[in-house]
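Asks: Sequence:
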Amino acid sequence: MHSVHSAQRSALLSRLRRAGCAEAARATVAAGLTWQTCVLLLHVSDPYAGAIAALLVVESTVVATIGAATRYAAGCLLGVLVAIPGALYTEPGMAGLALVVFVSVLLARHGFLGHHGLHVPTTALITFALVRGRHPSELGTHLAEIVLGIAFGLACSALLFPAVRARPAERALEDLRLLVARHLDGLADAVVRHERPRNVLGPAWEDDLDTALARARTAVDEANESTRWNPRPTARRRRRRGHLDHRVLRTLTGVAGQVTATGRLLEADSGAADDSGPAFARPYARLLRTTALCAYSCRGGRPHPALPAARHAVARLGAPGCEPPPGAATDQRLLRPLESALTCLSEPTPAPSARSHRILDPLRPTPRR
Numbered sequence: 012m013h014s015v016h017s018a019q020r021s022a023l024l025s026r027l028r029r030a031g032c033a034e035a036a037r038a039t040v041a042a043g044l045t046w047q048t049c050v051l052l053l054h055v056s057d058p059y060a061g062a063i064a065a066l067l068v069v070e071s072t073v074v075a076t077i078g079a080a081t082r083y084a085a086g087c088l089l090g091v092l093v094a095i096p097g098a099l100y101t102e103p104g105m106a107g108l109a110l111v112v113f114v115s116v117l118l119a120r121h122g123f124l125g126h127h128g129l130h131v132p133t134t135a136l137i138t139f140a141l142v143r144g145r146h147p148s149e150l151g152t153h154l155a156e157i158v159l160g161i162a163f164g165l166a167c168s169a170l171l172f173p174a175v176r177a178r179p180a181e182r183a184l185e186d187l188r189l190l191v192a193r194h195l196d197g198l199a200d201a202v203v204r205h206e207r208p209r210n211v212l213g214p215a216w217e218d219d220l221d222t223a224l225a226r227a228r229t230a231v232d233e234a235n236e237s238t239r240w241n242p243r244p245t246a247r248r249r250r251r252r253g254h255l256d257h258r259v260l261r262t263l264t265g266v267a268g269q270v271t272a273t274g275r276l277l278e279a280d281s282g283a284a285d286d287s288g289p290a291f292a293r294p295y296a297r298l299l300r301t302t303a304l305c306a307y308s309c310r311g312g313r314p315h316p317a318l319p320a321a322r323h324a325v326a327r328l329g330a331p332g333c334e335p336p337p338g339a340a341t342d343q344r345l346l347r348p349l350e351s352a353l354t355c356l357s358e359p360t361p362a363p364s365a366r367s368h369r370i371l372d373p374l375r376p377t378p379r380r
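For what it's worth, this note's numbering labels the leading residue of the sequence shown as 12, then goes sequentially.
These are calculated hints, taken from the structure and not from any lab test. Glycine is no exception: its CB is placed at the ideal position from the N, C-alpha and C atoms. Be careful, since some hints might not be right.
[Claimed, not checked] Okay, the calculated beta carbon distance ranges per label pair:
(1) Pro214 - Leu66: 17 to 27 Å
(2) Ala215 - Ser351: 21 to 31 Å
(3) Leu255 - Phe172: 19 to 29 Å
(4) Arg310 - Gly43: 38 to 48 Å
(5) Arg120 - Glu181: 36 to 46 Å
(6) Cys32 - Thr229: 41 to 51 Å
(7) His121 - Arg297: 57 to 67 Å
(8) Arg239 - Arg297: 39 to 49 Å
Produce the complete structure using the sequences and hints provided.
Replies: See below:
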C-alpha cells in the first residue's frame with residue numbers, strides 16, 4: 012500500500028512539473044514578495060513594474076533565470092541610457108521622442124536580448140516622459156522596483172526547490188539504448204531470414220532512431236543545464252554524473268550511425284545477402300545480437316566483457332578462407348560498420364572523479380603518494 016501511494020505521489024508530482032506548476036509557483040512568490048517589499052521600502056501603492064520584472068525573469072532553471080534577468084536588466088539599462096540624453100538635450104520634444112524611439116527599437120532587435128529587447132523601447136519611453144516632466148524621483152522609484160523584482164526573481168528561482176531534470180535524461184537514454192538494441196536484433200533477424208530490414212523493423216525505422224537520438228540529446232542537455240548554478244544536493248550529484256551521460260550519448264550516437272549504415276547496406280545488397288551462405292550469415296547475425304547486448308549495457312564504466320571476443324570474431328569472419336557473400340567487397344562493406352560499432356562500444360567511459368574541495372584551483376589533480 013505504501014509503494015502504491017508513493018508511486019501515485021511521484022506521478023502527481025511529475026504531472027505538476029510537466030505542467031509548469033513549480034515555475035508558476037516560484038514566479039507567484041517572487042512577484043508577491045516584490046510587491047510587499049516595494050510597498051514597505053519604497054512607499055509605492057501599486058508597484059506593478061517590480062512585480063512584472065519578477066514574473067518575467069523566473070524561468071524553469073536557475074541558469075535560464077540568470078540569463079533572463081541579465082537580458083531584462085540590459086534592456087532596461089539601454090532604454091534609460093538612450094532616453095536621458097534625448098530628453099535633456101534634444102529640442103523640440105517630438106524630435107527627441109522620435110530619436111529615442113528610433114534608437115531604442117534598433118537596439119531592441121539585438122540578438123543578445125531576445126524577446127526581452129521589448130524592454131528597451133518600453134523603458135526608454137517611460138524614462139523620456141519622466142525626465143521631460145521633471146519627475147526624477149519617480150524614475151528612481153521605477154528603476155528601484157525593477158531591481159527588486161529581478162533580485163527576488165533570482166532568489167526564488169535559486170532557493171525554492173529549483174528543478175533538476177535527471178529523470179527525463181535517464182529515461183531518454185534508456186529508450187535510446189533499447190531502440191538501438193532492438194534495431195540490431197532486427198537486422199540480425201533480417202540476415203537470418205534473408206529479408207529486407209524494413210520488412211522486419213518497419214518502414215520508418217531510421218526516422219524512429221533519429222527521433223530517439225534527438226530526444227536523448229535534448230534531455231541530456233536540459234538535465235545538465237538544470238544543474239548549473241543549482242544549490243540543491245541533487246544537482247551536485249547530477250553534475251558529477253553529467254559527463255558520463257554525455258559520453259554514453261556520444262557512444263550510442265556512434266553505434267546508431269553504424270546501425271543505420273548496416274541497414275542501408277542490407278537494403279541495397281539484399282540480393283547478395285540472400286545468396287550468402289550460412290558460414291557467413293549465421294556468425295554475422297550472432298555478432299549483431301552480441302553488439303545489441305553490448306549496446307544495451309552501455310551505461311558508463313567498463314565495456315561489456317563480450318566485446319573483445321566479438322571484435323576478434325569480426326576479424327576472423329573477414330579473414331580469407333571464410334565463405335563471404337557474393338563479392339568480397341560486399342563482405343567488407345557489411346563487416347566494416349559492425350567493427351566500427353564495436354570500436355565505439357570498446358572505448359572506456361571513466362567513472363566520475365572524486366569531488367575536489369579546493370575553490371581557487373579545482374581542475375588540478377590532487378597528488379597522491
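Asks: Which of the stated hints cannot be reconciled with the structure, identified by number in ascending sequence?
Replies: Hint check: 1 and 6 fail, others pass.
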